[in-house]
Amino acid sequence: MKKKTGKKTTTQKPRVNVTVTTKLLGRAPETKTFVLHDGRKIKNVLELVDELETMTEENFRTFVNETENHFANWIEHVFDTKDLAEEMRTIHNRIDTQRAILKKLVRELVSAKQ
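Here the sequence shown is numbered in numbering that gives the first Met the number 0, starting from 0 and rising by one per residue.
Keep in mind that the hints were calculated from the coordinates and are not lab data.
No residue lacks a Cβ here, since even glycine has one placed at the ideal position from N, Cα and C.
Certain hints may be false.
Cβ pair distances, simulated, as ranges [unchecked claim]: (1) HIS91 <-> LEU35: 31 to 39 Å; (2) HIS36 <-> ASP95: 30 to 38 Å; (3) GLU57 <-> LEU108: 30 to 38 Å; (4) LYS81 <-> LEU108: 26 to 34 Å; (5) ALA111 <-> GLU56: 32 to 40 Å; (6) LYS81 <-> ARG26: 27 to 35 Å; (7) ARG26 <-> HIS69: 17 to 25 Å.
Below, simulated BS3-like cross-link-like pairs (lysine-lysine); rule was C-alpha separation at most 30 Å, straight line [unchecked claim]: (8) LYS42 <-> LYS81; (9) LYS112 <-> LYS102; (10) LYS103 <-> LYS22; (11) LYS40 <-> LYS81.
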């Protein structure tokens with residue numbers, strides 16, 4: 000007869016690994032990072048989302064206004080994501096810009112998982 004040790008045995012659920020191979024989630028080459036006015040560099044889209052969270056509206060307006068959108072240009076040319084860039088060009092505030100980027104990232108993750 001086996002003695003019980005009091006330890007519970009748990010069944011581990013299998014893990015699902017998802018590899019996302021979308022350029023949007025990648026890192027910009029050093030020569031294509033987005034440089035802010037204070038010299039800090041944005042290397043990827045997630046860093047841009049973080050910067051938009053704390054960026055002042057005045058600072059945002061130096062990059063996005065009625066005639067140009069430097070963030071959209073960067074995303075289109077560095078990450079080859081024209082649809083997101085086009086959507087961003089119709090947006091003129093930092094919170095909606097941030098929201099558009101996050102929605103696109105979620106769509107990319109969901110489609111990669113399927």
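Status of the hints after comparison with the structure:
1. HIS91 <-> LEU35: 31 to 39 Å: violated (19 Å)
2. HIS36 <-> ASP95: 30 to 38 Å: This hint is violated: roughly 22 Å between Cβ atoms.
3. GLU57 <-> LEU108: 30 to 38 Å: 33 Å Cβ-Cβ, so the 30 to 38 Å window holds.
4. LYS81 <-> LEU108: 26 to 34 Å: violated (19 Å)
5. ALA111 <-> GLU56: 32 to 40 Å: holds (34 Å)
6. LYS81 <-> ARG26: 27 to 35 Å: Since LYS81 and ARG26 have Cβ atoms about 19 Å apart, the given range 27 to 35 Å is violated.
7. ARG26 <-> HIS69: 17 to 25 Å: Taking Cβ atoms as reference, ARG26 and HIS69 lie about 19 Å apart, which means the hint holds.
8. LYS42 <-> LYS81: Distance ~18 Å between LYS42 and LYS81 Cα, so the pair holds.
9. LYS112 <-> LYS102: holds (15 Å)
10. LYS103 <-> LYS22: holds (12 Å)
11. LYS40 <-> LYS81: At roughly 22 Å apart (the allowed maximum being 30 Å), LYS81 and LYS40 satisfy the hint.
When held up to the earlier numbered hints, the structure conflicts with 1, 2, 4 and 6 and fits the remainder.
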